[in-house]
Amino acid sequence: MQATYRIDFTEELKKCVKCGTCRSHCPLFVEIKGEPGSPRGRLALIKRLHEGKIKPSQELANIVYTCLLCKKCAVECPSGVISDEIIIAARDYLNGAMSQPLIKKALLKGFLTRPSLLYACMSLTALYQKTGMHSLLTKSKLIELLPEKINACAKIMPDVTKKPARSRIPAVTLPKGEKKFKVAYFIGCATNFIYPEVPVAGVKVLSHNGCEVVAVEGVKCCGMPHMAYGETETASELAKHNMEILLKDDYDAIICDCASCSSTFKEAYIHLFQEGTKEYEMAQKLQAKTYDISRFLISKTGIKAGDKTVEPDQKIKVTYHDPCHLKRGQNVFKEPRELLKSIPGIEFAEMKDADRCCGSAGSFSIMHHDLSMKVLDKKIANALKVNPEYVATSCPTCTMQLSYGLRKAGSGAKVVHPVQILAETYM
Amino acid sequence: MVPREKLVADMEKMFGQGKVLKSELERYTYTYDSSFASQSNEYYPDVVVCLNSTAEVSQLMKYAWENEVPVTPRGAGSGQTGGSVAINGGIVLDLSGWKDIVEVDDANMQVVVRPGIIHAELNQELAKYGLFFPPDPGSSVFCTIGGMVSNNASGLRAVKYGATFQYVLGLEVVLPNGEIIRTGGLKSKALKSVSGLDLTRLYCGSEGTLGVITEIRLKLLPKPQSRGIMLALFEKLEDSALTVLDVFKAGIIPSGIEILDDGGIRCANMFKPDLNIPEVEAAIFFEINGTKPAVEEEGRQVLAIAQKRAKSVEWATDAERMAKLWQGRAVIGAASARLVPGKTRIFAGEDVCFPISRVPEALRRIKELSKQFNIPVVIYGHIGDGNMHTAPIMDPLIEDEVERTHKLAEAIHNLALELNGSTTGEHGVGFARAPYMEAEHGKALDVMWAIKKAIDPKGIMNPGKIWALGRE
Ligand SMILES: Cc1cc2nc3c(=O)[nH]c(=O)nc-3n(C[C@H](O)[C@H](O)[C@H](O)COP(=O)(O)OP(=O)(O)OC[C@H]3O[C@@H](n4cnc5c(N)ncnc54)[C@H](O)[C@@H]3O)c2cc1C
Numbered sequence: 001m002q003a004t005y006r007i008d009f010t011e012e013l014k015k016c017v018k019c020g021t022c023r024s025h026c027p028l029f030v031e032i033k034g035e036p037g038s039p040r041g042r043l044a045l046i047k048r049l050h051e052g053k054i055k056p057s058q059e060l061a062n063i064v065y066t067c068l069l070c071k072k073c074a075v076e077c078p079s080g081v082i083s084d085e086i087i088i089a090a091r092d093y094l095n096g097a098m099s100q101p102l103i104k105k106a107l108l109k110g111f112l113t114r115p116s117l118l119y120a121c122m123s124l125t126a127l128y129q130k131t132g133m134h135s136l137l138t139k140s141k142l143i144e145l146l147p148e149k150i151n152a153c154a155k156i157m158p159d160v161t162k163k164p165a166r167s168r169i170p171a172v173t174l175p176k177g178e179k180k181f182k183v184a185y186f187i188g189c190a191t192n193f194i195y196p197e198v199p200v201a202g203v204k205v206l207s208h209n210g211c212e213v214v215a216v217e218g219v220k221c222c223g224m225p226h227m228a229y230g231e232t233e234t235a236s237e238l239a240k241h242n243m244e245i246l247l248k249d250d251y252d253a254i255i256c257d258c259a260s261c262s263s264t265f266k267e268a269y270i271h272l273f274q275e276g277t278k279e280y281e282m283a284q285k286l287q288a289k290t291y292d293i294s295r296f297l298i299s300k301t302g303i304k305a306g307d308k309t310v311e312p313d314q315k316i317k318v319t320y321h322d323p324c325h326l327k328r329g330q331n332v333f334k335e336p337r338e339l340l341k342s343i344p345g346i347e348f349a350e351m352k353d354a355d356r357c358c359g360s361a362g363s364f365s366i367m368h369h370d371l372s373m374k375v376l377d378k379k380i381a382n383a384l385k386v387n388p389e390y391v392a393t394s395c396p397t398c399t400m401q402l403s404y405g406l407r408k409a410g411s412g413a414k415v416v417h418p419v420q421i422l423a424e425t426y427m
Numbered sequence: 001m002v003p004r005e006k007l008v009a010d011m012e013k014m015f016g017q018g019k020v021l022k023s024e025l026e027r028y029t030y031t032y033d034s035s036f037a038s039q040s041n042e043y044y045p046d047v048v049v050c051l052n053s054t055a056e057v058s059q060l061m062k063y064a065w066e067n068e069v070p071v072t073p074r075g076a077g078s079g080q081t082g083g084s085v086a087i088n089g090g091i092v093l094d095l096s097g098w099k100d101i102v103e104v105d106d107a108n109m110q111v112v113v114r115p116g117i118i119h120a121e122l123n124q125e126l127a128k129y130g131l132f133f134p135p136d137p138g139s140s141v142f143c144t145i146g147g148m149v150s151n152n153a154s155g156l157r158a159v160k161y162g163a164t165f166q167y168v169l170g171l172e173v174v175l176p177n178g179e180i181i182r183t184g185g186l187k188s189k190a191l192k193s194v195s196g197l198d199l200t201r202l203y204c205g206s207e208g209t210l211g212v213i214t215e216i217r218l219k220l221l222p223k224p225q226s227r228g229i230m231l232a233l234f235e236k237l238e239d240s241a242l243t244v245l246d247v248f249k250a251g252i253i254p255s256g257i258e259i260l261d262d263g264g265i266r267c268a269n270m271f272k273p274d275l276n277i278p279e280v281e282a283a284i285f286f287e288i289n290g291t292k293p294a295v296e297e298e299g300r301q302v303l304a305i306a307q308k309r310a311k312s313v314e315w316a317t318d319a320e321r322m323a324k325l326w327q328g329r330a331v332i333g334a335a336s337a338r339l340v341p342g343k344t345r346i347f348a349g350e351d352v353c354f355p356i357s358r359v360p361e362a363l364r365r366i367k368e369l370s371k372q373f374n375i376p377v378v379i380y381g382h383i384g385d386g387n388m389h390t391a392p393i394m395d396p397l398i399e400d401e402v403e404r405t406h407k408l409a410e411a412i413h414n415l416a417l418e419l420n421g422s423t424t425g426e427h428g429v430g431f432a433r434a435p436y437m438e439a440e441h442g443k444a445l446d447v448m449w450a451i452k453k454a455i456d457p458k459g460i461m462n463p464g465k466i467w468a469l470g471r472e
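Chains A and B are the protein sequences, given in the same order. Numbering of the first sequence is given in the working numbering, commencing with residue 1 and proceeding in unit increments. Numbering of the second sequence is given in the working numbering, commencing with residue 1 and proceeding in unit increments.
Pulled out of the complex, with its shape left as it was, chain A reads as follows (with noise of 0.2 Å):
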């Protein structure tokens, strides 16, 4: 068994000695019956398609698939299993040996990897919802007749802005002061077309605290999505692609705003190509530069805050929530909360389990409606112990999952990026 996404599955698979112990740590595992349920299982599956003992199924995709790639079960392994990992080769090789609901292959082959038809299709959206369809279809409950899928997209999705965030930043912003670095921002699909702010108050805490922004032009998906869903070819023709234009000009550093992206960066382009190739040492050298930019505020600009308070005369509560690919992805987690506790105004209070994933993992919480709702059932439930009135966050996905589990419960509670409370600091 052969995948494009290079792991050795041999050799990675061998190390699993079954002890059970990721059977505890797996947040769906709770969810599910049984042990095809747990990272064990699975992968005892994936070994034995990989010793050709069993063949490619749609029963077998489906376990396959039912995972959040969260990377707790990874973390935890006392052996080293590298679980995420494989599932994400094993995806990869499930993907060339059998035909995927087309609904899903046009998603990720069409749209993401063509900026324009991305763009049409969440304008149509926005289209959707602001011409009061959404709303309509909601509250006479004609939603709940449309296909499961689309009925829980709907729910999910947020009100798309109509102007991205690439059409309101500059090419270039200009640092206030002086200049200490000039850095590439990336701005990634979902900030770009969903939370559109994220980017603009990222660009405008960079540039506050010393830095010249190239937001870069004709970037494209960073790929995390096909990857997960096994469509690796994709995902490397989109890596080719970014490396060629976030490494033309010698930028100090690649910033994100989104945790996947910055993971995918840093961790899954390697895997995409051989090693001694041009494109394997380009993705060592992004892997390098790649910065999470809660990371590289803190370790190498410093954070001075503006003087503007946030809310004058009041404390604001804000807890924190790790995304899966920047705590266990990337060991950022310190960071988001030291930039929170620099903001003046700001009452930070830890939530039980902020690392626990809250369900999203991209469109997992679309494709596993109903078991997604149960993991981020439990991440409200903490969350809304600190009773907060900010949830900050570092992924946009999370974002979109965080928001949606507040309403449902009621909760009048923002989910925000982190530099967007610092930005608010800056007149």
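Check before you lean on any hint, since a few could be wrong.
Chain B stretches covered by chain A per the calculated footprint, using a threshold of three residues with CB under 8 Å from any CB of chain A [said to hold, decoys possible]: (1) 130–142; (2) 212–225.
Here are the simulated DSBU-like cross-link-like pairs (lysine-lysine), alpha carbons at most 30 Å apart as the crow flies [said to hold, decoys possible]: (3) B:K187 to B:K236; (4) B:K324 to A:K352; (5) B:K407 to A:K385; (6) A:K14 to B:K367; (7) A:K33 to B:K192; (8) A:K33 to B:K6; (9) A:K378 to B:K19; (10) B:K223 to A:K385; (11) B:K22 to B:K187; (12) B:K128 to A:K53; (13) B:K128 to A:K352; (14) A:K378 to B:K128; (15) B:K272 to A:K334; (16) B:K272 to A:K14; (17) A:K163 to A:K176; (18) B:K99 to A:K352; (19) A:K300 to B:K272; (20) B:K160 to B:K311; (21) A:K334 to B:K324; (22) B:K22 to A:K33.
Just so you know, these hints were derived from the structure itself, not from any lab. Glycine is no exception: its CB is placed at the ideal position from the N, C-alpha and C atoms.
Given the coordinates of chain A, assemble chain B with the ligand onto it according to the supplied hints.
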């Protein structure tokens, strides 16, 4: 025997489709536990049923009884003997989803739980009451209490607190014919009872061969106020064992005494690099708990004793450092897979227990066997009670290595018997160790069999465990 299709259909009719796993892929995930024995075979159950009520379990057993279908109860499947694997087909009864804590009776220092609750989760809950269930297996984070009772598990603190059976006050058991009994007294909340034959004790360690345990009443202890951990490093393996004996001679019983040999130290460092234990022949972890002054005083004494032979000694009472040290030891079972790149560890011959006076000799002999069969072995375990875990490091894809590992495991089991020890200190027999039972017990095994036959005359409860298949 009922044909598979009919069995599946009957299960679905009785319990609903949501509780039944039937496809080949689903059933495959029940062919293993952590034992090499199970992973070297492919024993498929005909069907898996996930239940969470006594009534359902009773209904299942009545059906199995009438139709003579084998039933294998299963917790987390973390056992190391193939105990939860259906080597004779039939039904695997997965109880790991039945996780209720029925009642914390803190006034009477006891708790009533369902079998699927996980050990660490139970103790987390009990901590709120200042109580704890002392047996502490390395698999605490994932093994179930049902599995612990059935295997009579113990672990890192057995030297002071003993094994699971010492804490089981009563059980609800569904018998092979579906009838439900309560051991330890129908309504008893007493902490002691010698009323009648001790059926509770009989079920502890019965490995699912005498019925299904559906409820467990456990005795609890107050959580000690304070603890400290000492890490002593020894240039010579045997010095570590002698130090343990010296500590006992001084009249001190630490709550845990754990050993890692050189390979174990390397693995612990690989898994938790900030542990950074210097590479010597042996590291001993002493855990001392109790009131704060007692911990300080005993810690001081153990320190003085250890310093006589150890190269260096560290005494930690800082919570973070203690947690790290203890975790380094607790996970070594699985982390030893990291020792040699390209190889893994397997669980076979992994649980021998020696008289403590012979531990130094045993350690030396195991090292010799490792050389003889040319299979590296990591040794770690509960040296305080002589219970050694040996982890062969090998490549399961190389046939010759597999063969040598099997021979090594056999030699280690035989060594335990030769040195007046036991083939298993805590993991149990399953089918992996059934072949040694005759040599270990002689005629007593016949009496065990007579008891089994009395309770399970049709032989439907977990056949092939403790007694090899085919014994009639
Ligand atoms: C890394 C690692 C470390 C370990 N460390 C220790 C240790 O320190 N000490 C120790 O003692 N063990 C240890 N073990 C072994 C194992 O975890 C224990 O034996 C544990 O108690 C098994 O629990 P389980 O829920 O996984 O049971 P399973 O493996 O599922 O089942 C074990 C046996 O119990 C039977 N059974 C399970 N539930 C029931 C029930 N409700 N009614 C009747 N029969 C039932 C099964 O049929 C089987 O025979 C370790 C295992 C691993 C993988």
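Check your understanding: Taking only the CA atoms, is the gap from K33 (chain A) to K192 (chain B) under or equal to 30 Å?
Key -> 38 Å, violated
Review point. Is the straight-line distance between the alpha-carbon of K128 (chain B) and that of K352 (chain A) 30 Å or less?
Key: Given that 30 Å is the threshold and the Cα spacing comes to 16 Å, the pair holds.
Point to revise | Pair hint K272 (chain B) and K14 (chain A), alpha-carbon separation not exceeding 30 Å | key: This hinted pair holds, its Cα atoms lying about 21 Å apart.
**Study point:** 30 Å Cα cutoff - pair K324 (chain B), K352 (chain A)
**Key:** 21 Å, holds
Practice item. Below or equal to 30 Å on CA atoms is what counts here, so check K378 (chain A) against K19 (chain B). Key: 23 Å, holds
Point to revise | Hint consistency between K22 (chain B) and K33 (chain A) [alpha-carbon to alpha-carbon, up to 30 Å] | key: 12 Å, holds
Check your understanding: Do the alpha carbons of K163 (chain A) and K176 (chain A) lie within 30 Å of each other, as the hint requires?
Key -> 25 Å, holds
Practice item. Sort out whether K367 (chain B) lies within 30 Å of K14 (chain A), counting only the CA atoms. Key: Cα-Cα ~25 Å, so holds.
Review point. Can the restraint linking K223 (chain B) and K385 (chain A) be considered satisfied, given a maximum Cα separation of 30 Å?
Key: 27 Å, holds
**Study point:** 30 Å Cα cutoff - pair K160 (chain B), K311 (chain B)
**Key:** 26 Å, holds
Check your understanding: Given the proposed pairing of K99 (chain B) with K352 (chain A), does the C-alpha separation stay at or below 30 Å?
Key -> Within the cut-off at roughly 21 Å; holds.
Point to revise | Hint consistency between K334 (chain A) and K324 (chain B) [alpha-carbon to alpha-carbon, up to 30 Å] | key: 20 Å, holds
Figure legend: structure checked against the earlier numbered hints; hints not met, in rising order: 2, 3, 5, 7, 11 and 12.
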